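Student: Listed here are the chains, written in short residue letters.
Number of protein chains: 2
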Amino acid sequence: MIVPALTPIQFWYEFASTYSYLAVDRIESVAPQGSVVWKPFLLGPIFKAQGWNDSPFNLYPAKGAYMWRDLERLCGEVGLPYRRPTRFPRNGLLAARVAHLGSSEGWGADFSRAVFRANFAEDREIAEPSVIGEILADLGRDPEATLASALEPSNKDALRRQTEEATHLGIFGAPSFVVGDELFWGNDRLEAAVDWSRRAKEV
Amino acid sequence: MIVPALTPIQFWYEFASTYSYLAVDRIESVAPQGSVVWKPFLLGPIFKAQGWNDSPFNLYPAKGAYMWRDLERLCGEVGLPYRRPTRFPRNGLLAARVAHLGSSEGWGADFSRAVFRANFAEDREIAEPSVIGEILADLGRDPEATLASALEPSNKDALRRQTEEATHLGIFGAPSFVVGDELFWGNDRLEAAVDWSRRAKEV
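Note that the protein sequences, when read in sequence, are chains D and E. Counting along the first sequence from 1, when you hit position 194 you're at 193 in numbering that gives the first Met the number 0, and nothing is skipped either side. Counting along the second sequence from 1, when you hit position 72 you're at 71 in numbering that gives the first Met the number 0, and nothing is skipped either side.
What the hints contain is simulated information worked out from the structure, not anything from laboratory work. Treat the hints with care, since some could be wrong.
[Said to hold, decoys possible] Far from chain D, some chain E residues (derived; all Cβ distances over 12 Å):
| no. | residue |
| --- | --- |
| 1 | M66 |
| 2 | R68 |
| 3 | T85 |
| 4 | D122 |
[Claimed, not checked] Pair by pair, the computed Cβ-Cβ distance ranges are:
| no. | chain 1 | residue 1 | chain 2 | residue 2 | range |
| --- | --- | --- | --- | --- | --- |
| 5 | E | E104 | D | H167 | 29 to 37 Å |
| 6 | D | V29 | E | V29 | 19 to 27 Å |
| 7 | E | S28 | D | E151 | 27 to 35 Å |
Keep in mind that this is a model prediction, so the values were computed, not measured. Glycine is no exception: its CB is placed at the ideal position from the N, C-alpha and C atoms.
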């Protein structure tokens, strides 16, 4: 039988993640409208559990050198603005808190795209409340009120639980896509996740 | 100006590498005829230099669990036979020595495809000389003479130098593709490497 409802695509992303930048930019043009559930989370605790206290791209220099060149090529291919950040990784905790709030209020996607662009195209310090505040103002939101809501214990807890959920789902990197019981890792797997969500409708 | 010669695609692969299995199977249908230079090498020394004494898929269980499911999905998609090996990673040293010899004599590609299939579809112990001998016999080669040539010091040294060359090229995983000065990592990047080799012809 054909189930008419869309199988949702959970989109798990982290603001420090370079390949998440590519996925954030293109997911809404690849996935059917309304199918994407934006799930900001933190890779830090997941990396720490693997024994890493830094990005693997810093810990393993050959892998890091490759990633920066690969990112530059991929951004060039799709015409996405890119400038290598002078600091990497930047702390995405505040941005993730705000994005988590935003995704429940319908402005999480626009906010997230703007933060990734600030980090990976404009080399801005996204850990700074002033930078996040400017991004919120550009989106027509009240920076102070929004930051205050994002920093409320309930929202902070909710983001923490979301990161724990990522661990339980077997997520170990970003971006990741979850469709039903299937996990897809990496910007390269976005199309496969979308295909799976279409296939998953036939049960 | 347009340079008429094909820009070669160096194809770096390791017999223990799961994603190399996918690339070995399809590279000759994706890349223009005669453009691929087969470069077997060993990841072991490269991993060791990064502080790993095992495959990262064993060291990081979440990543490993994902990889096996991803491999199963990808093999299913392209109709490539697949059975999860009961031992992973298998030691690919002997196979790499034989493949290195074979690539200079024109039978390296057929041999390599057969070894990957033995490992990832038939769950055979490719570290065993008897298994490599059977594969050689199936290809119409004299197993004993070929194994003896593969174990000559000059061939062993040549493979060692090839692995050193991989390190100098910045290779940190397999499969990798090198086109001119550009490195592409992963089965997912095969098409990008082929595109680059076409682009690289215009100088």
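Student: None of the hints should be skipped; say for each whether it holds.
Tutor: Hint by hint, here is what the structure shows:
1. M66: violated, 9 Å
2. R68: Its Cβ does come within 12 Å of chain D, the nearest being 7 Å, so this is violated.
3. T85: holds, 22 Å
4. D122: The claim holds: D122/E sits with its nearest Cβ about 25 Å from chain D, beyond 12 Å.
5. E104/E - H167/D: 29 to 37 Å: violated, 52 Å
6. V29/D - V29/E: 19 to 27 Å: holds, 22 Å
7. S28/E - E151/D: 27 to 35 Å: violated, 56 Å
Of the numbered hints given earlier, the model fails hints 1, 2, 5 and 7; all others are met.
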